[in-house]
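Given chain A, work out where chain B should sit, using these hints.
There are 2 protein chains.
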Amino acid sequence: MRTIEWKDGKVVTIDQSRLPHEEVIIEMKNCSEVAEAIKSMKIRGAPLIGAAAAYGLALTAYYSRANSKAELLAELEQCAETLRKTRPTAVNLFWAIDRILSKARSVEGDVKAVVEEVVEEANLIAEEDVEANRKMGRFGARLIEDGDTILTHCNAGALATVDYGTALGVIRAAWEEGKKIKVFATETRPKLQGARLTVYELMRDGIPVSLITDNMVGYVMYKGLIDKVIVGADRIVQDAVINKIGTYTVAVLAHEHNIPFYVAAPTSTFDLEKTSSQVIIEERSSQEVTHVLSVRIAPEGVKVLNPAFDITPLKYVSAIICEKGILRPKETNFELKLESLNLAGFQ
Amino acid sequence: MRTIEWKDGKVVTIDQSRLPHEEVIIEMKNCSEVAEAIKSMKIRGAPLIGAAAAYGLALTAYYSRANSKAELLAELEQCAETLRKTRPTAVNLFWAIDRILSKARSVEGDVKAVVEEVVEEANLIAEEDVEANRKMGRFGARLIEDGDTILTHCNAGALATVDYGTALGVIRAAWEEGKKIKVFATETRPKLQGARLTVYELMRDGIPVSLITDNMVGYVMYKGLIDKVIVGADRIVQDAVINKIGTYTVAVLAHEHNIPFYVAAPTSTFDLEKTSSQVIIEERSSQEVTHVLSVRIAPEGVKVLNPAFDITPLKYVSAIICEKGILRPKETNFELKLESLNLAGFQ
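The listed protein sequences derive, respectively, from chains A and B.
The letter at position 184 of the first sequence is residue 184 when you use the working numbering, and the numbering goes up by one with no holes.
To convert, take the position in the second sequence, counting from 1, and add 347; that gives the working numbering.
Looking at chain A on its own, in the form it has when it is part of the complex (with noise of 0.2 angstroms):
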């Protein structure tokens, strides 16, 4: 199920926000169209955002009137502060813009040269997602045995990426290699995306899924039938997994009742000159958690907290997966450094 597409100069996707009800396609002509979609959740998942971001620079550059390689230059500067300003979160965004960005300087020739380059590097981005993803199953699958329980939350699937998904993707990858596992998705609030995005990806592949809501997490983990949990991420810094509000509530049911608790993530949410304490955790709006899709739930006019993500710490985390291996921790001193990647990290 391919995410994201070019097609000649119009960058092609699903509406995320009126599935599993209706698959509208949604057809993105300019910057601006891709940083509402972004904004608005339409296109959501941080390395889908990222591979947004990046045809959102394709198109201003596929359009430009520029006459100058500066000209060019500076309205690709202008899209990026526009699509900066979306979501403050997810890593991928701001590291497929500077990717974009960095790029259309190196290239040496004329503005033409430059728009064929941007174009070929956002394509090039959305290729290497998937090809990161399909790595990722193939070592997260390794850790996954016949016969398990996998608790995922939130959607990172096919829908959060530019295909296969990150931890779906290493289910995904599971299955294909005969593994008879089970899924439980936890239904996700604010915006559902588990019992809308993720139920719907499993059950189009007819691998089995559960869906739970999230405050049940707890009783299947006591009644023993999880046995291991995969998430996404939004970013992972040196310290912590910054993912999906709930993220920590489900990493520490896992911790207290021992079981193996992963993430998946490709080196694109990698951030690893930060710390989570240098992190904008996105406060979204109240409606979202007054309401459910359309229908109010809450009283009028009660205050709201609605953080997008929270931050579990790496002594919650068993393992990473990412398109280079699985990094575990080191002892009880699990660091997270760049050098242990290509280092001892590795099993």
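These aren't lab readings, by the way, just hints derived from the structure by calculation.
Computed from a predicted structure; not experimentally measured.
Careful: at least some of the hints might be erroneous.
[Stated by the list, open to error] The calculated lysine to any residue pairs, modelled on SDA-like cross-linking and capped at a C-alpha distance of 20 angstroms, are:
id, chain 1, residue 1, chain 2, residue 2
1, A, Lys10, A, Glu27
2, A, Lys223, B, Thr436
3, A, Lys223, B, Ser633
4, A, Lys303, B, Lys570
5, B, Lys570, A, His255
6, A, Lys223, B, Leu661
7, A, Lys182, B, Lys650
8, A, Lys324, A, Arg142
9, A, Lys324, A, His255
10, B, Lys650, A, Leu19
11, B, Lys386, B, Asp445
12, A, Lys182, B, Gly648
13, A, Lys223, B, Asp445
Just chain B now, with coordinates in the frame of chain A:
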């Protein structure tokens, strides 16, 4: 706010499934109407279910055309049977039914005398519940400090009882004593009793309340925003507290963050002959999970788990507040025995 009342041969209550949007008063005139209201959760909350069941029997007695005491007792037994089948987990239901039946059997006199005694006993159960909540409030308020922020799950308020509430009774009592407290209410999927009922009650009383989704509990604790947790109970057994689904998740998180976790419940909720393995955890309709209110959120045909309650082992419970006082764990070996209620269990 009185939730249930006997009024000239009618039992008057508020339809809690329609709150907070509509305040619909229901008048019930026979046992099956009461049973239906309990089953469909128009009436919910362990202590209120107990009082409602007592009133269901009172209605049967009041409108009975029995010619003999034996005939009336048979009618009461039949109503009791209907009521017992409504919901299996909250023990107050069975406790109230047994108390009314045993009162009816013990009356020495004619049919009219039995009818009068049954109605009086039902009223007494209701009055005692209010009195128990007030006492619990006074005991529990000792545990609350000025400036505390308290997290509560589901609704253990006036609406879960005849009046005043158990967990919210403690919060109300602390507030009435002039303690400046704040409350975090979890929305409590699938039936949203937190978002719909707890927020409604606290806003009416002017007690500051913030609404969060269930999966934000870890985050607000991690951020140091919560000083104490207070919840109600549907059944307290030798080894555990059985309460609304999600309670166990909150308890584990409180434990991990060294936050006191208090349970407020009248002794009518205690079932100390049993252990948690002997209690039936009600599994409710999958539609409660696939839908929010009447809106479908998940793809058709998805498998669902919907346990209405979970089990919190006593090691996660800092204290139980009942109308007789505050029951604390004895060192690490917290054995909740009836004797301890009158002896060393109290402080």
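A quick look at each hint next to the structure:
| no. | hint | in the structure |
| --- | --- | --- |
| 1 | Lys10/A / Glu27/A | holds, 6 angstroms |
| 2 | Lys223/A / Thr436/B | holds, 17 angstroms |
| 3 | Lys223/A / Ser633/B | holds, 19 angstroms |
| 4 | Lys303/A / Lys570/B | holds, 18 angstroms |
| 5 | Lys570/B / His255/A | holds, 19 angstroms |
| 6 | Lys223/A / Leu661/B | holds, 16 angstroms |
| 7 | Lys182/A / Lys650/B | holds, 11 angstroms |
| 8 | Lys324/A / Arg142/A | holds, 14 angstroms |
| 9 | Lys324/A / His255/A | violated, 25 angstroms |
| 10 | Lys650/B / Leu19/A | holds, 18 angstroms |
| 11 | Lys386/B / Asp445/B | holds, 19 angstroms |
| 12 | Lys182/A / Gly648/B | holds, 16 angstroms |
| 13 | Lys223/A / Asp445/B | violated, 31 angstroms |
Checked against the numbered hints listed earlier, the structure breaks hints 9 and 13; every other hint is satisfied.
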